[in-house]
Amino acid sequence: MARKMLVIDDDPTVLSSCQRIFEAEGYYVATTTSPEEGLSLVLDTYFDVVLCDWMMPGLDGMDVITRLDHTSPGSAVVMISGYPSIERATEAMKRGAMDYVAKPFTPDEIIKAVNEAIQRKEDEETKIIERFGRLTKTGQISLPSIDEKILQALSAAIDERRRTEAQPSLESLSEPERLQEITFAVLDKYERDRNNLIAMLQAVHSYAGYLSYEAIGLIARELQISEHDIFGTASFYAQFKFEKPGKHLIRVCTGTACFVGGGGVILEAAKSRLSIVPGQTTEDGVFSLERVACLGCCALAPVVTIDDEVYGQMSPAKLSRTVDKVYRTESVKSA
Amino acid sequence: MTKKRTILVCQGTGCVSAGAPQIHREFEREIIEHRLDVEVKLTGCRGFCQVGPSAIVDPDDILYCRLKPDDVKEIVNSHLVNGIPVSKFHYHDPATGDPIPKWKDIPFYNRQQKMITAQWGFINPEDIEEYLAIGGYRAARQAILALTPEEIIEEVKSSQLRGRGGAGFLTGVKWDFARRSNGGGASQKYVICNADEGDPGAFMDRSLLEANPHSMIEGMIIGAFAIGASKGFIYVRAEYPLAVHRLEVAITQARGKGFLGSHILGSDFDFDLQINQGAGAFVSGEETALMASIMGERGSPRPRPPYPASEGLWGQPTNINNVKTWAYIPLIIKNGAKWFADMGSGPSKGTVVFSLTGKINNSGLVEVPMGIKLREIIYDIGGGIPHGKKFKAVQTGGPSGGCLPESYLDKEVTYESLEAAGSILGSGGMIVLDEDVCMVDIAKYFINFTQEESCGKCSPCRIGTEKLLNILEKIVNGQGEEEDLGLLEELGELVKNGSLCGLGQTAPNPVLTTIRYFRDEYMAHIVEKRCPAKVCKALIEYYINEDTCTGCLLCLRSCPTNAVTEHEREATKDREHKHPDSAASKGKRKKKKVDTICVINPDTCVRCGICFANCPTGAILKRDRPLYSKQYAVGSMQ
Ligand SMILES: Cc1cc2nc3c(=O)[nH]c(=O)nc-3n(C[C@H](O)[C@H](O)[C@H](O)COP(=O)(O)O)c2cc1C
Ligand code: FES
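Residue numbers (my numbering), protein chains in the order written: chain A, 1 to 335; chain B, 1 to 638.
Certain hints may be false.
Below, computed lysine-lysine pairings styled on BS3-like, alpha-carbon distance capped at 27 Å [said to hold, decoys possible]:
id : chain 1 : residue 1 : chain 2 : residue 2
1  : B       : Lys496    : A       : Lys94
2  : B       : Lys389    : B       : Lys373
3  : B       : Lys68     : A       : Lys318
4  : B       : Lys389    : B       : Lys622
5  : B       : Lys4      : B       : Lys73
6  : A       : Lys94     : B       : Lys467
7  : A       : Lys271    : A       : Lys244
8  : B       : Lys231    : B       : Lys68
9  : B       : Lys102    : B       : Lys373
10 : B       : Lys114    : B       : Lys157
11 : A       : Lys271    : B       : Lys622
12 : B       : Lys474    : B       : Lys104
13 : A       : Lys189    : B       : Lys231
14 : B       : Lys88     : B       : Lys102
15 : B       : Lys390    : B       : Lys622
16 : B       : Lys373    : B       : Lys411
17 : B       : Lys534    : A       : Lys318
18 : B       : Lys102    : B       : Lys73
19 : A       : Lys271    : A       : Lys333
20 : A       : Lys271    : B       : Lys474
21 : B       : Lys4      : B       : Lys68
22 : A       : Lys318    : B       : Lys389
23 : B       : Lys157    : B       : Lys4
24 : A       : Lys4      : A       : Lys112
25 : A       : Lys271    : B       : Lys534
26 : B       : Lys334    : B       : Lys257
27 : B       : Lys373    : A       : Lys325
28 : B       : Lys41     : B       : Lys68
29 : A       : Lys318    : B       : Lys114
30 : B       : Lys41     : B       : Lys104
31 : A       : Lys4      : A       : Lys94
32 : B       : Lys88     : B       : Lys73
33 : B       : Lys114    : B       : Lys373
Derived by calculation from the structure, the hints in this document are not laboratory data. Predicted model, so just to flag it, every value in this text is computed and none were measured.
Next up, chain A with everything else stripped away, as it sits in the complex (with noise of 0.2 Å):
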């Protein structure tokens, strides 16, 4: 697929020239001299890259690039000007400009600087999908609380789906199924507002457990916005978790105090006995493992949680026994 060019600078030949120099690299490229039209133009059209003239009457480039940072944070950004200094360059950086070109240019140095954004944007797109799966394998997680008369709500919600769809119950649903039913429920409760969207997620992962790809993607339609943005939001936090978690939640703290006091040997400990890493869970499905930085009993150091039990002083002996005990709970409880 040809690559997506918006160019805004309220010259016309710089326009013209552009234009010329990409297409002839097999760009599809848009132009404006306005920068509010060259706004809203992105709010239709995903492009990869927009160059961005900084003087312009009526919106200061600057502030353009600040814009499109909100609504197109996927776009790499390279500001023009005809005005170089290193301030501007650093300002415009700061807002999140890829890179930043003196006019006039040579065909050859705006396609070296688009193509370096363009590389440089990728590399930090994979910073954050690399963070994501870190925090997915490293989880340093903690659940959300959220109020009980929301999630009352949504039970109910649910229930009132599935009643009157004549649908069988949640529980017989494919997981896939059920994530989507409790988004929906999700979705039903509040406003298609952006300002809504932790609170959705939020509510989504506290009913489920986690978040799913299914439910990311229906909350992107419904509030328009791109799934990437959904994730890059949420993956933002440590609290949300990405993948089904087991039956019982162990947290092993390594905050400072729990660190300086062994719980780097008690993670050791809990890797061992579970074989798994924090981030996985248990190929029976009894248990989760998570890594979190300070459960804030630091008294009691080294910490770990169990379910919402707190654990202090522990060792690694003392771990042992009572993952013996959840185990030995589970097996009356199947038998």
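Put chain B with the ligands on the given structure of chain A with help from the hints.
Only chain B with the ligands this time, still in chain A's reference frame:
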């Protein structure tokens, strides 16, 4: 008439997790059983978390420590019925072993200077009447009905109160900015309470919300009135469910009493509060990131200016303060700026709350006057280092702070002195490190933390912290070179100066201070390939002392890599020292069970430390790993 007896059962998170709710129920049950006229009261944290669960019998002031449900019967019988306190549950002086019955006499308490923590553990945080009974909301009443906003700001200014959230900016000046700012003619202004407390190892903000939430709420009401804000947000970590619950209760009660809502106290001042739960990213504690998060965006920081005071939430003037900062406000209004400014040292006024943890006898929360010596905090209040170990360093300011060596013990604690030493006062985390802690490992720990928490928006922080981490990893793996130290310092300065927000600007502090004060420890790792504290896995090995090993096999059973094997004691000795057929060994060999000892194979051992922590007789020891000519690193470490 004597005051009615009350049992104050601490129910802060620490004590709750140690079993305080059961203790509370036991007291209630026993008191009903004995038909006593005694009240059992839930309170927040009293700070001395080390001895939890604890209870105070009021008005006798007797403190009972480390209670178990079964102990309650005895206390009720002896103390409440017969009037004889049970000395075995008192706090015992670790040096003399003598019991200290009254909490006021315990060194942990009697050296403290309590301002904002004074009521913690003595009032029920879930009952506004108790806060009112100790003069609560009187400052708010006075502020709204008798003072002008300018007078309030003047009072806060002359108290010289500085923010307790990290940067230490003058609170009155910040309020003044927000009051004067018209945000492009806008009328809507906001106040925010920062209760994100991201520093891992600190819990004073949470304890405040759990022990006396109304003091903070009252501060916010006064601040909002002074600034002209009609809406406030409290941003709390979702990891703090108990704090959130107590805040919710407190806000509802304050609304019920007309301290929140419209026409507060009959004036035309409207103000209400909303709780926002942060979802666990360290950087969301930074003010611009926090505001982004309240607005439902990704919690990453933006460049300042514009400062929140001119352009904050939804572009409107916003004032943000830490929980503790807000809690000082009612006290300053009530007692006057001078009362506050009289305490402290130089431009650092009033008191400061530390969460004292790590290798220290008395862990907990302490409130001390600014300018106190570190030694007083650690030795007089904290009771020194456990197990007769040697003090090595004290870490303040969390991931943004630094580690100070012994020579700083006699320096005053103020914003300025800590900053001059390369650390920061920060929000009040204080972690004591003893000789068993490796300073390179600690530096790596913090950089690893900031590296993971870096939002990735600016490159100095994102790439710089990663590079710092790589170099530190090299050093702890025994592959460091001498140039690495210079590189760390140079890179550290770069990250400090080039980063967008406070996270990156302070992230190198732990590395820079450890190099500054513990250079020889770095050099031992780099030159001798040795970890003096015997922590860094690649540079040590575990072995078993035959003389103290009892052959219990705990180590063998818990070893994840089967590196521990079992041997007959005589047989192993035989191979080394004795002739296999000597009469002595023959006789002993029959008592097989007693004579089993364990041996660790250094080649398969991954040095996870599980056996070391488990060994009941301390027979497992650590020593420097013999130098291997080519390979220093541990192959099997993940
Ligand atoms: C990375 C980072 C994390 C922070 N975390 C917190 C925090 O958890 N709590 C807090 O009160 N301030 C935190 N701050 C400081 C805030 O940005 C801000 O300075 C503070 O809330 C202002 O309140 P004060 O004037 O009362 O100190 C943090 C700053 C940075 C740079
Ligand atoms: S560091 Fe583990 S609970 Fe605080």
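Kindly indicate which numbered hints from before are broken by the structure, ordering the numbers from low to high.
-> 8, 12, 23, 27 and 29
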